[in-house]
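> Chain by chain, the residues run as shown.
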Amino acid sequence: MRLAPTVATETVLSLRAASFGYGDRPVLADADLVVHPGEVVAVLGPNGAGKSTLMKGILGLNELVSGSVTLFGIPSTEFHDRARMGYVPQRHTLSATVRATAEEIVASGRLPRLGWLGRMRATDRQIVARALDVVGLADRAATEVSTLSGGQQRRVLIARALASQPDVLIMDEPTAGVDAASQHVLAAVLERLASRAVTMVIVTHEIGALKRLFTRVVVVDSGRIQFDGTPQQYSTAQGGAHRDHDDHDMHHHDDDELDSEGGVVPRGPLDQLRGHHGWSA
Amino acid sequence: MSDLLTIDFMQRALIAALLVGTVAPMVGIFLVQRRLSLIGDGMGHVALAGVAIGLVTGQGPVLTALVAAVIAAVVIELLRDRGRTNGDVALAVIFYGGIAAGVVIISKAPDGTPANLTKYLFGSILTTQRDDLYVFAALAAVISVTTWALRPRLFAVANDEEYARAVGLPVLALNIVLAVLTAATVVIAMRVVGLLLISALMIVPNAAAQLIARSFSSGVRWAVAFGLVSAVGGVAVSYPLNTPSGGTIVLVAVAIFIVTAAVAAIITRVGQLRHAVAESHDHEHGLECGHLAVPHGDHVDYVHDGHRHAPHEGHYDEHGHDERAGSSNGPVDGAAETTGTRRS
Ligand SMILES: [Zn+2]
Ligand SMILES: [Zn+2]
Ligand SMILES: [Zn+2]
Ligand SMILES: [Zn+2]
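Chains B and W are the protein sequences, given in the same order.
Take our numbering: the last position of the first sequence gets the number 281, and nothing is skipped along the way.
Take our numbering: the last position of the second sequence gets the number 1344, and nothing is skipped along the way.
Keep in mind the hints are simulated off the structure, nothing from the lab.
Please note that the accuracy of each hint is not assured.
A short, non-exhaustive set of chain W residues, derived as facing chain B with CB atoms under 7 Å [stated by the list, open to error]:
id	residue
1	A1156
2	I1212
3	F1216
4	G1314
Pair by pair, the computed Cβ-Cβ distance ranges are [to be verified]:
id	chain 1	residue 1	chain 2	residue 2	range
5	W	V1135	B	S146	39 to 47 Å
6	B	D179	W	R1214	18 to 26 Å
7	W	D1298	B	Q238	33 to 41 Å
8	W	G1290	B	S235	30 to 38 Å
Each residue gets a CB set at the ideal place from its N, CA and C atoms; glycine is no exception.
Chain B with its partners taken away, still in its complex shape (with noise of 0.2 Å):
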């Protein structure tokens, strides 16, 4: 791999020909995937290429057909320590069919390191409340989720998965279906995770949003891995005639317009950590 010597050799995730589906039709076939940690990796491809295939398979949630799936070098099928994996789906809304408050929902997610009967400590609680506070929902926390708008739903399932401390957060289209605004909170977000070393695997449909962010591209396509590279060999392999394409989806995120709003998250540490890694920029 490209990495430099410095970052640990443990891999975060590992796919060998892995096949995922239901019984001999896989839907995303002959997978090979590494992922180190630190890194951030957009799963790109259009609707139903196979995309959410790939990444509930890694979840445990699709069965795998054939090859090997291994988790912070254990085989799946060994790996039950699961709340190292941070699960974040994509849900337009959130299950509105009883009342629940963010900080209800953000509990939930401490539940995996506590036990079958654990109860929330004192410690527990100011995970909790971190997460939510590293999503910028801190004085949110009361409110019933179905009160909150789309973008802020999500960062609800966010702050979720981060109250289990988790060692790789796995998202389904976290930019998916939020309006602008809520789009530049999400990307800001995202870059404070990732400024903090946080592995993340995103897949998303557009780049565009979060295109500084990645350290890492793959694309599925047609129920294969078609490309796996940095960004700017992605960039370059797309050429001209896919530009204007990328422009079109990012024409409520310009960097300027990320740089400007008096920073809701510095972005230097980003470019370090790429630089430590050995990416070139």
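Mind docking chain W with the ligands on chain B? Use the hints.
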């Protein structure tokens, strides 16, 4: 009321009502959350078969009903988990099979009369035996302790089952526990509420509570309060009116639901009148947003272009004007002032 309490069967019925009124909404909220509001109804059907077997064989019908309902509960959850077969149809087969078997078997019992059947289906204050009460009290204690201990986990699984699976919570085990809790609740309720109406006491108080609750925990508290009032009130009223207790209890619960809906509508209207929303606000205030944060009652206002903005639900409220840039606790003008009532 003091007259009522001196009558032996009335005492027993009121105690049974107290137990079931507390326990049924506690379990029911998770059924509402999982969109399984009618599953308690189905388990009541199966419990009837258990009652019938008890009457025919001379066993206590409470015990046989409990066994039948628990077996059905576990089978249903396993079917739901496998998911490949048509779970919906499988449930229908189990439920209708249960009530049909109940009706047929009960006709072979020594005292198998239609009147007897009605008591079990719709509840009667006359049927609660002293021995039953001990069993009900023990079951109610087990149900409430289990529900309390597992509440955060049951909440997490019912809220987002896929997420719970991904992070390694024991989803199937928790769902089976909930199903068994539901089955046990059905059995406690079969004397005073009746097997056909028990589901209502699990669901209707929760439906009313959800109209006014602003969190999961307050939803549970309101539902238990409504459940208690419905069950105890229904039993108390059914005696002088000479009506079946189950139907009376459920009618009280429905009345509470209607009154609560009216009150909630009024509260919402008043709330809209006394609070002003900041229009077209596409900036998100926070620790590092650069706007001055001013303490105001139990919350913080952000000074934003001469206005004080307070986070509320998915938007910002106008909390008056403030032209200063320095820190201050000065008076705030403006009709939208809500003096520390961050409505929750
Ligand atoms: Zn601000
Ligand atoms: Zn205020
Ligand atoms: Zn503002
Ligand atoms: Zn408001």
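> A separate judgement is required for each hint: does it hold in the structure or not?
The hints, checked one at a time:
Because the closest C-beta pair between W:A1156 and chain B is about 4 Å apart, less than 7 Å, the hint holds. Here the hint on W:I1212 is broken, as its CB sits about 9 Å from the closest CB of chain B, past 7 Å. For W:F1216, the suggested interface contact is upheld, since its CB lies about 4 Å from the closest CB of chain B, less than 7 Å. With 7 Å as the threshold, the beta carbon of W:G1314 comes within range of chain B, its nearest partner Cβ sitting at about 4 Å, so the hint holds.
The given range of 39 to 47 Å is respected by W:V1135 and B:S146, whose C-beta atoms sit roughly 40 Å from each other. At about 25 Å, the CB distance of B:D179 to W:R1214 agrees with the hint of 18 to 26 Å. Evaluation of the 33 to 41 Å hint for W:D1298 and B:Q238 yields a failure: the beta carbon distance comes to about 51 Å. Between W:G1290 and B:S235 the C-beta distance comes to about 33 Å, which sits within the given range of 30 to 38 Å.
Checked against the numbered hints given earlier, this structure breaks hints 2 and 7; the rest are met.
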